[in-house]
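Asker: What follows is the residue order along each chain.
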Amino acid sequence: DAGVIQSPRHEVTEMGQEVTLRCKPISGHNSLFWYRQTMMRGLELLIYFNNNVPIDDSGMPEDRFSAKMPNASFSTLKIQPSEPRDSAVYFCASSPLMAGGSPLHFGNGTRLTVT
Amino acid sequence: QKEVEQNSGPLSVPEGAIASLNCTYSDRGSQSFFWYRQYSGKSPELIMFIYSNGDKEDGRFTAQLNKASQYVSLLIRDSQPSDSATYLCAVKPNNNDMRFGAGTRLTVKP
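Order-wise, the sequence lines are chains A and B. Okay, so the first sequence: first residue is 1 according to the numbering used here, each after it adds one. Okay, so the second sequence: first residue is 1 according to the numbering used here, each after it adds one.
I should point out that these hints are in silico values taken from the structure, not numbers from a laboratory. One should not assume that every hint holds.
Claimed, not checked - Pairs of lysine-lysine residues, derived as DSSO-like cross-links and limited to a Cα-Cα distance of at most 27 Å, are as follows:
1. B:Lys42 with B:Lys109
2. A:Lys78 with A:Lys68
3. B:Lys56 with B:Lys67
4. B:Lys56 with A:Lys24
5. A:Lys68 with A:Lys24
6. B:Lys42 with A:Lys68
7. A:Lys24 with A:Lys78
8. A:Lys78 with B:Lys42
Note that the coordinates shown come from a computational prediction; the quantities given were computed from them, not determined experimentally.
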């Protein structure tokens, strides 16, 4: 199994530009999660989807952030316009949707730097 | 109150010793508990999960859960320098999303 695939691995952009992060979950996993990790705030849940439907987006910092999951094999996280405080590592993770809870499998992350 | 709390450390133990990592959580209805290891610059990787009160052992790792005290711990026996990493406690409050603690940085000294 290829695991969760994220792209790009690194992104450097200037303040005000649009940034799009991409994620392909593990085949058969029907829950997908976007996290942001910084030294100061740790690993924060931004949004998660079950069966392509957004369930909880309360962690999305503000309207500049948006996430979509048009099908079971692809999701995007978009920041428009980007700001220096958005600099962080963004992780996508997926899991099966099962009663009793199942572990998350993480992608390698996208390191975003906004100058 | 944070949903999942961990001592940030750093925790330093000598090689061969037992490392004890602790975690408390606020949602009493939580049912699933996880420990992840994260090396610097890498993504979190699952070490263990536990659903029931008591101990669960996997090789050198033992997870302990006490739902009454809302407490989860991870013991690492015979610690090795390769165990040096940040350990993240995670809790699933409603079987869907997963909330992480800030992590405890462990250093195992040769």
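Asker: Next, verify each hint and record whether it holds.
Answerer: A quick look at each hint next to the structure:
1. B:Lys42 with B:Lys109: 21 Å, holds
2. A:Lys78 with A:Lys68: Holds: Lys78 (chain A) and Lys68 (chain A) sit about 9 Å apart, inside 27 Å.
3. B:Lys56 with B:Lys67: 14 Å, holds
4. B:Lys56 with A:Lys24: With Cα atoms ~32 Å apart, Lys56 (chain B) and Lys24 (chain A) exceed 27 Å; violated.
5. A:Lys68 with A:Lys24: 12 Å, holds
6. B:Lys42 with A:Lys68: 25 Å, holds
7. A:Lys24 with A:Lys78: Roughly 15 Å separates the two Cα atoms, so the pair holds.
8. A:Lys78 with B:Lys42: The hint holds at about 22 Å.
Taken one by one, the earlier hints fail for this structure only at number 4.
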